[in-house]
Each structure stands twice: as structure tokens, then as C-alpha cells.
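> Going down the list, the sequences are from chains A and B.
Read in order, the letters of the first sequence correspond to residues 1 to 374 in the numbering used here.
Read in order, the letters of the second sequence correspond to residues 1001 to 1337 in the numbering used here.
Hints should not be assumed to be uniformly reliable.
[Claimed, not checked] Here are the simulated lysine-lysine pairs, DSSO-like style, with alpha carbons at most 30 angstroms apart: (1) B/K1116 / A/K99; (2) B/K1119 / A/K23; (3) B/K1119 / A/K99; (4) B/K1124 / A/K23.
Treat the hints as calculated values from the structure; they're not laboratory data.
Each chain, letter by letter, is given below.
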Amino acid sequence: MTSVRLENVVKYYYPALGSAETKPTLGLDHVTLEIQDGETVSIVGPSGCGKSTLLKVIAGLEFPEEGRVFFNNVEVTHVSPQERGVGMVFQDYALYPGKQGSQNMSYFFEVHRRTEEEKQQRLRETAELMGIGFEVLMEREVDTLSGGEKQRVGIARCIVRDPTVFLMDEPISNLDAKLRERTRTEIKRLLKKFQITTIYVTHDQQEAIFMGDRIAVMRAGRIEQFGTFDDLYYSPANLFVASLIGTPPISILPAEVSGNTLQIAGTLSLTLPPTLAEKLPQGRLRLGLRPEAWSVQPEAGQGLTLPVTRIERLFTERAAFVYGQIAANTISALIPLDFPEVKQVSLQPDLERAYFFAAEGETVLHTPGIPELF
Amino acid sequence: MSLFPAVGRKDFRLRVSWFALQAFLWFGVFMHLVPFYIMMVTSITPADEAMSMPPKLWPSHPTLAAWNLVFRISDVAKSVLSQPLSRYFLNSLIMTFGTMFLSIPVTSLAAYASSKLIKGRVAKPLFIFFVGTLMLPGIVSLIPSFLLTRNFPFPLPVAPNIPGTDIPFPTLRIWNTYWAVILPAGFSAGNFLLFKGYFDSIPDSIINAARVDGGSEFNIFRRIILPMSIPVYAVVAYFEFGGAWESYLWPLVVIQDSKIAPLTLAIRRISDAFVATGTTNPQSALGAFAQMADLIAQGLSWNGLMVLGLLQALPVFIFFIIAREYLLKGVKIQGLK
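Turn these sequences into a full structure, and let the hints steer you where they fit.
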């Protein structure tokens, strides 16, 4: 079992051969991260934010220019990937072509000169773990497998050797939606079973939420926030995290505080609760409201009037979302599933569940925090 | 066939153009086969008939005399070729396989390193260093290369003296040895590009996966990369074989001793002897050069040269047949013509 710690890791990227760019770019900007033993951490962020680089630094495939990496408090910053004992699953599967599934899984045992018996036993155990039909895949050449099958072999190749740390680099983004769902559940099941420290990189926040015990949000080589889903959802560190986490995303509206009144988008005036009135500065700011923080008003003219652009009904969740635009800001609100098709809807914001951001920049002024009854 | 689907073939204009295309392609095939046919037919033509004008498309008395004679060439034409034919053949094989066994590993490993292992600031200058030789025509470096084989590492006719003494620098002389042909071909910039192009197409993640699995860099190359690169190796091996087997100019420059001369030099020597005697008609040939007269009396003229030509071409042909499957795959991968 292994804990992983990164301290102030800095990684530069040099421009590729033939590109006009000559200055190195910052891939990782003083990243500090501590991952506990047996924990699954998702790293989420837009593409190019350095999340894959972070994974490579942990695997030893890239060495940082500054900072240190520890496994179990032992420094491994400059230890080669061959000696770190991590297992890695790749987005493009990265199976060894022209070989059978079982040969792919055997490579580790061959280069480590393990006995044939050990290899066979581990292959058998892994096949059992991977579930029904896996033995058939092991006998086929990997080039003949479908995407989902390839990734199953990829995962098996990773677990067959009992890795110290599991690293997953967008393992299911290349699969189609249905397969993605299934593989996601399967990976989750395996992770539960193994209790191995896992770092799961993805650009999909839902996947990150599903997989990770804790989630690290990255942007431009920096970790913006690291915490549980509730931390990220109810107490985002900045506007970026607030708008990244949550589907549909948080609705942001311009607002202005004067005295203890809050005027939203120039139309609706509300009285601020005393706690908020104390905390918020006077003047312009921005109000953030999650879809569940809106309540639909039965009569027109109460609250904000939202011209409806579309209603999305999620029959499996027994709920629907209404979408519309106010002052060029997209608003989404949770409504009952049987809500009629209307041209416009009156919405009342719940200020107890509101987020407040500075008028410019990404500074957070107030977040509702994790609700106590949940 | 796919050019003209069955649906449209009834259309008159399509039919005409289809036949026109067929005729054009068959003409191309024919033009390629004619010289080959002439070679084969001449090789079984008696010596004097092979020199008759106009040439005949089929000999009046086909004979294998030239084939027999060629294998005894050092007996019948000692003044032209001092060694038996098998000796030249062997020399060619040594040089060709020597070149291949040196050049392919060196070039492919360099390409692999340049493609997958060397990243960052040195990658670009290194790449330019490797392919820079492509920018010079080979003929430009012929003389310096020749001088290098005489006084390595000085591209000078005579090695300079050690400063302050009368003793010249010690030099390495590989001139007039097999090494003079093999070593300079040890790295090929063209093949380097072929290899690099292929290795570039292999995703880094495969190599990373193998690294994480614990494979050393060389083990990864040998166990993972090599098996998936067989087509490009076949393509390069074929080019390398053809190039080395048929090379003429460089061996001519660096090989003096006929004991180590390749087949191309031997054939050229006989051919030169013929041309020098003016063998366009039997009379002038007979009168001109007593030794050649001897040869022709033995039954060897153009027919013998054609036999030699066929023997020279044969190994490349055999090599193509062996590597055919991989070559076609490699051609698809590389998009070569």
C-alpha cells in the first residue's frame, strides 16, 4: 500500500521539433498534492491543463525540473519508471500490438524474470477477477479486439502485476457512451476490491465525481482545488471550480448590493438575510445559483421571469431542467418532470443556497457550504 | 477493374477508354520486359550469332555454351579476369551482407533514438545532423570519402606530420579492403528517414506502458518495437540489398585488388574489354585483340555478358520474392511507390 506526495512540482515543456515556438511552456506550476494510502483521487480539468503531465511525473515517465515526489515518504523524484512499480492504463489502450492478450499481460513477468508458475497463477487470478469472458480475450490477438475489450485487457495488464499505485489516464474516453458506463462501473468495482491508491485522470467531471474519493481540479498547470465532491460543489475555491463542477453548470448573474437589498440582473430586488448582508460588500458583484437553488413560482410576475429556450426532461431521474437566457447569461433550473411546456417561467432564487463572486475576476465572496442535512 | 465498375462498362465511350487504358498499361509492361527478353535470348545464342546485325529475336541454334563458359571464365579469359567467377560473387555477397548487417541496426537504432528517446532541446540539431548528408549529392563527397579511406581520419592524400616532429600522424587505412565498402555505408540518411517516419507513427504510450511494466529501453525495442516494425525493416533491407549489390562507382574507387572486387566490377571489366575491341562485327573483333579473339573462339561474346548480367540481377530478384509480403505491407504503411 502506498501513499503519494508531490511537493512543489514544476515541469517545463519544450516546443516540439519544427514548431515556431522557442520558449518552454510551464506544464506543471508548483503542484503540491498528497494522496493517501488506498484512496482514489480524480484529477479533472480542461485539456492541456497538465493533468496527464502530472500523471507522467508520478509514473516517472517525465522528471520534474523542480520539486519532489514521494511514495510512502520515500523520495522517488528521479527513480526510473521501471523501478517505481506503478501500473498505468492509457487512453489509447497502448497494448503491445501483434501479441495476444495474455502475452500483453506476461511482459511484466518476462522482464522481471519471474517463474512460469507465478506468471500462470497471476494470469489465472486476474482472469477470474476480470470476470466472465475474459479468458477468451486473453487468447486473441489484441489488434482484433474492440475498444472496450482492448481496455479490459489494458486494465488486466495493469492489475496482473500487483502495482503499488494505479494510474489511469482517461481510460474510458475513447469508448462509446454505453460501454463507457459499463467500463466505469467495472473499474470502480475493481478499485473497491483492491483498495489500491489510484489516480484517475479525466476531463469529464461526472466521471471524476463517480470515480474519486477526492477530486483535484486543475487548470493551466495548477491545482485549483483539491477535496471531496461536497467541498468542490458547495465551497468552490473560485469561479472556475464552481462552473466546472455540476451539471447543468451553475448560473451566473450580475447583481448589486445596496444596503441590505440585493438587486439581481437589474430587475429583481430581494432583501438579504442578515448573515449575508454583513458579509457581502456593497456594490456590484456576481451571483451564482445552482439549478436546485431556484424554485418555480406558480404565478407570473413573481421572481425572475425566464424566457424558456428548452426544457430537458430526464425520465430516469424523474426530474427536468429548464434553460433560458437572462441578460446574456444562461440560466438552468431544476423543475418537476411533469412541468408543462411554457414560453416563460417565473423563478425565485433561494439566497440560502446562493454563491457570491466578485464582479471581476474569480474571487469567491460567499459560498453556502456543505448543507448539514444531507 | 475498380476503375471501371461493371455497371458502366456497357457504355461505348467507357469501353473505349477502358481498352485504351489497358493497351497503355500493357505497352508499359511490354517495354519493361523487352530488355529482359533480349538478355535471356542472347544468353542462349552462340557467340558469333550474338554479334550479328540485325540482332535476332530467337537464335537459330540455342545453346547453353555461354552459361558453361561463364563459370570457367578465369580459365578462358585470364588476362581480363584473374579470379574465378565464384570469387567475385562471394565478394559481392560479403560486401552486401556486411553493409546490411552493419547499416540496418545502426540506422534503425539511431532513428529510434531520434524518434522516441531524445526529447527537448537537442532533438532538432541532432535530427539535422543525421539527415544533413541528404543535402549533398553523393558525388560531391566521393573524393574526400576516398581520401578518408586512405588516411582516416584525414581527408588528405598524405597524413600531416605531428606538429614539431617529422613523424606523420598515425592513420587508419581501410582502402582496398572489404571495410572500405562496408564502413562508409554504415549509416544511411535515407533509410534513417524511413525508419524515423515509421517509429514516429508508433504511439509513445506503448513505450510508456512497457516502461511502467519494467522493460529496459533495449528490451522494449527488442520485444515490443522490433516485432511490430518488420515491414519497414523489410523495405529497408530490400533497398539496402539492392543498393549494395549493384553498387559500382564506390567499389571502383576503393577496390584495387581483383581478389576482393565485387561482381559489378568484374562484369564491367569484361564489358570494357569487348567495347575496346570494337565487337560490333565479328571480323573487327577477331582482328583487333588476340585475347578477345580467343574468348570469342571459345564461344563467349555478348551472350556471356548477358549471362553475367542475369547472374547479377538474380539475387535482387530472389530477395524481392522473399521479402515480397512484407514489402507490400511496408509500401502500404510508408506510402512508397
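> Now, for every hint given, state plainly whether the structure supports it.
Going through the hints against the structure:
Under the criterion of a C-alpha separation no larger than 30 angstroms, the hint pairing B/K1116 with A/K99 is consistent with the structure, at around 21 angstroms. A C-alpha spacing of about 15 angstroms is found between B/K1119 and A/K23, which places the hinted pair at or below 30 angstroms, so the restraint holds. The suggested pairing of B/K1119 with A/K99 holds, with an alpha-carbon distance near 28 angstroms, which does not exceed 30 angstroms. Pair hint B/K1124 plus A/K23 holds up; C-alpha atoms about 14 angstroms apart against a cutoff of 30 angstroms.
Figure legend: structure checked against the earlier numbered hints; every hint is met.
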